[in-house]
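*Asks:* Going line by line, the protein sequences match chains R and F.
Under the working numbering, the first residue of the first sequence carries the number 1, and numbering increases by one thereafter.
Under the working numbering, the first residue of the second sequence carries the number 1, and numbering increases by one thereafter.
None of these hints come from the bench; they were simulated from the model.
Just so it is clear, the structure is predicted and the values come from calculations on it, not from any experiment.
Think of the CB as a built atom: it goes at the ideal place given N, C-alpha and C, for glycine as much as any other residue.
Among the hints, erroneous ones may be present.
[Stated by the list, open to error] Simulated pairs of lysine-lysine, DSS-like, Cα-Cα distance not exceeding 27 Å: (1) 4(F) with 22(F); (2) 4(F) with 107(R); (3) 143(F) with 107(R).
[Said to hold, decoys possible] If you want the ones that stay clear, here's a sample from chain F, every Cβ over 10 Å from chain R, calculated: (4) 203; (5) 248; (6) 418; (7) 462; (8) 499.
The chain contents come next:
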Amino acid sequence: MKYNRINILGLGNVLYGDEGFGVSALNSLQETSTFPDTVHFIDGGTQGIYLLDFIESADAVIVFDALIPLEYDRRVYVYRNDELPDFIHRKMSSHQMGFSEMLGIAKLHGKMPQQIVMIGAPPKDLELNIGLSPELALLLPEAVEQGRSIIEGWLNEENY
Amino acid sequence: MAKKIVVDPIPRIEGHLRIEAKLNDSNVIEDAYSSGTMWRGIEVILKGRDPRDAWAFTERICGVCTTVHALASVRCVEDALGIDIPVNARIIRNLMNATQVTQDHLVHFYHLHALDWVDVVSALKADPKQASVIAQSISSWPKSSPGYFKDLQQRLVGFVESGQLGIFSNGYWGHAAYKLPPEVNLIAVAHYLEALDFQKEIVKIQTIFGGKNPHPNYLVGGMACAIDPNKDTAINIERLAMIKKIIDDTTTFIDQVYIPDLIAIAGYYKGWLYGGGLGNYLSYGDFPETSLADFKTLLWPRGAILNKDLKTVIDVDPRDASQVTEEVSHSWYTYANGDGKGLHPWKGETTPKYTGPKPPFEHLDTDKKYSWLKTPRWKNHPMEVGPLARVLVAYAKGDPMIKDTVGLVLSKLEVGPEALFSTLGRTAARGIECKQTAGFMRHYYDQLVANIKTGDYRTFNSDRWDPATWPSECKGFGYTEAPRGSLGHWIHIKDQKIQEYQIVVPSTWNASPRDANGNSGAYESALKGTPMINPEQPLEILRTVHSFDPCLACASHLYDMNGNEITSVKIV
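Turn these sequences into a full structure, and let the hints steer you where they fit.
*Replies:* Below, the structure written as C-alpha cells:
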C-alpha cells in the first residue's frame, strides 16, 4: 500500500461563520464517504502546535480550511505540496503558532508527509454566528468533491 | 522626548493582543496599555440553548484551551442542577486536567516562551563537545553526546542555509538582551525539538478518556467513557497500562529535561528581575479530592494574596456578588446602569459597543475605551492569575511539595523568595507547577486503578439528565484552574434553557485594561519599569507578556497566502 495512513483535517472555528468552512467540509465528506479505515477524519478546530502529530503521523494529508488566496476570487482553491512552502515562508511572523508553523516544524523534523494538499475558499462572513454564508455554502460541495477525488486517487495508487 | 511603542499583534500567542508602551528618555517603560483587539462573544451564542450542550460550544472558544472550557462548563451546569458525579468521573476529569496543565506548561516553556531567552542563531556557533559537557553536568538525560548535538547543529545549519529559518524566523536574534552562551542555546534548541515530539505522547491520555482529540467528549453528569477491565471498547487493562507508561515518561522528561533547563537558563538571567507587576494574586483552586463544592479538599488551594504579603491568604468566594465583578469603563461594551459599575457574572451583560478609532490607526485613545476585554476585579483589586498566583497561594498556605520545590529552585539559583515576584519568577513557577501536575497524574492514575479494583465502573450519573427533573429556574458556577489561571463559567438556567452565560477567562484577568479607578491590569503593571535595550526590537515586552501565557480568543484560523499577519512594531 502506497499510503498506509491518510489524515483528513478540517480546520477553523465553527463559531465564526465561514471560519468553520474547513470543519464543515470535513463533516460533509465524512458523512458521504466509505473510505477504508486507513483514512482518518480529524476535526482540528483552531489548534496550532497540537496538530503536529496529525501531520507527521500520516503519509498523505488533506487539509480543509478557510483561506485568503494570493489573487482574490471567491472560488475553491487547491494547493499541493510545493505550493504550500511558499506561503509558509511568507507567513513566518504569525500571531500564533498556526498551521503554517506546523508545516515548518514538520520539515525541520524531516517528517513531512509524502503528499499534503490544502483545499479552501476565501470567507465572506466572519462574524460570530454558527453556519456558513450562502456564498460559501455554495462552494462547499466542490471543495468536498475535490477532496474526495484526490483521496480516491491516492487509494488507487497502490494498484499500479 | 517621550516615545510610544506599539506592538501589534504580539507573536507566538493565541489570539490578538496589542501593547502600547510609553518610554522615558532612557528607554524605560513608564506606562503600558494592553488591548484585546478581537471580540469574543460566546455568551451571545449560548443564549437559549440546552445547558447540556454548552460544553461543546465553549470547547470551541479557543484552540488550545479546549478541555478547560468543557470542564468549567459541565461543572457549572452540574452545580446549577445539583448533580453529583461518580467517583470515577471525578478522578478521570482530574487526570485529564492534570495532563492538560502538564502538556500546556511544557509546550509554553519550550515553544512559546523559550525563544524570549534562547537565541537560536547563536546555537549555530556552539561547540557540540562543550554543549555535551554542560548537558551532562546538569542532567542524566541520555540524549547528550557530542555527536547528538553535532548532528542537530548541522541540521539547523542546513535549514538556515536553505533559507528556511522557518519557525525561528520571527526572533530578534543577536539582541543584546540574550545572555546564554552558544552551547546552552544549542541544548535549549535540541530540547525544543525533543519537547515537540514528546508533547504528542502526553495528549494521548485525552484521547483515551475523551474519545477524541483535540475536542474530547465531556458529559453533564460524568464522563462519556466506559470502564471495563475486560472489554476491548472500554477503559481496560491495556489502556490503563498505556496511560501509566505515558505518565512515567512525562515525569522523566520533566525531571531530566524541563527542570534542569529552566534552572540552567534562569541562572543566566537572575539579574533580570523585572516584570513583577501587581503583587496581587488570585486562585480559585482546583483538583478536588471529594466534591467540588468542598473547596477545602482542593489539591491546588483557593485564596488571594494582596501586596505580595505571603503571610496572609484571604478567603475567596466567586459566588459572592461583591467579590468577582467585571466592569467596562475602558472596554468596548456598554452596561445598562453605568460602565464603571462592576457586575457579578450572574448579573453580567455582554453588549458590544465599539468606540475606538477606525483601522488603520496609529494608536488607541487609552484615556477612553481601548480594549475588547472587560475588566475583572476581585473586591475591586486588579489580580494576577496563573501559575505564579497558584504557587504563591500554595506556598503561603504551607503546601509541603510546593515549599520543597520552590526552596530547591531558589537555592540552586541562589536567590531569595522575593525573586519570585518577577517575569522570571512566573516562568519558574510554571516549571515548578508542571513537576507537581505530573505528580498529580500519577496520583489520579493510582486512585482510578484502586477504585476500579473495588468493582466500581460507574462514570455517569443519569438522575438529572432529563430536563423534566430540573427546577424551573436555577444558577450555577463552574470553575477550574486552567494552565493560564482561574477560569469561571456562570450559568443561569430558566425553563430548561440557558438564560444567561458568562465566562471570565484567565487572560481577561491578566490582560485587562484600566478600571474606573485608574488601576492597571496585570500586564500593564508588569511592564512598568522595564528598561528596553532597543525599542525597535521589543524583546523585553515579549518576554514579560509571554510569561503570563496569554490566550486571547483565537477566533481566527485563516490562512493568509499574502503573509499579512506580520507583527508590527511602531515607534510613534
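*Asks:* Determine for every hint whether it applies to the structure shown.
*Replies:* Hints, one by one, checked against the model:
Between residue 4(F) and residue 22(F) the alpha-carbon distance is near 4 Å, which keeps this suggested pair within the 27 Å criterion. Simply put, residue 4(F) and residue 107(R) have alpha-carbon atoms about 39 Å apart, too far for the 27 Å limit, and the pair is violated. Between residue 143(F) and residue 107(R) the CA atoms are separated by roughly 21 Å; this keeps the pair inside 27 Å, and the hint holds. Not every CB of chain R is more than 10 Å from the CB of residue 203(F) (nearest about 6 Å), against its label as outside the interface.
For residue 248(F), the condition that its CB be more than 10 Å from all CB atoms of chain R holds, with the nearest at approximately 20 Å. Distance check for residue 418(F) against chain R: the nearest CB is about 33 Å away, which clears 10 Å, and the non-interface claim stands. Residue 462(F), annotated as away from the interface, keeps every beta carbon of chain R farther than 10 Å; the closest lies near 27 Å. Non-interface status of residue 499(F) relative to chain R is upheld: no Cβ of that chain comes within 10 Å, the nearest being about 19 Å off.
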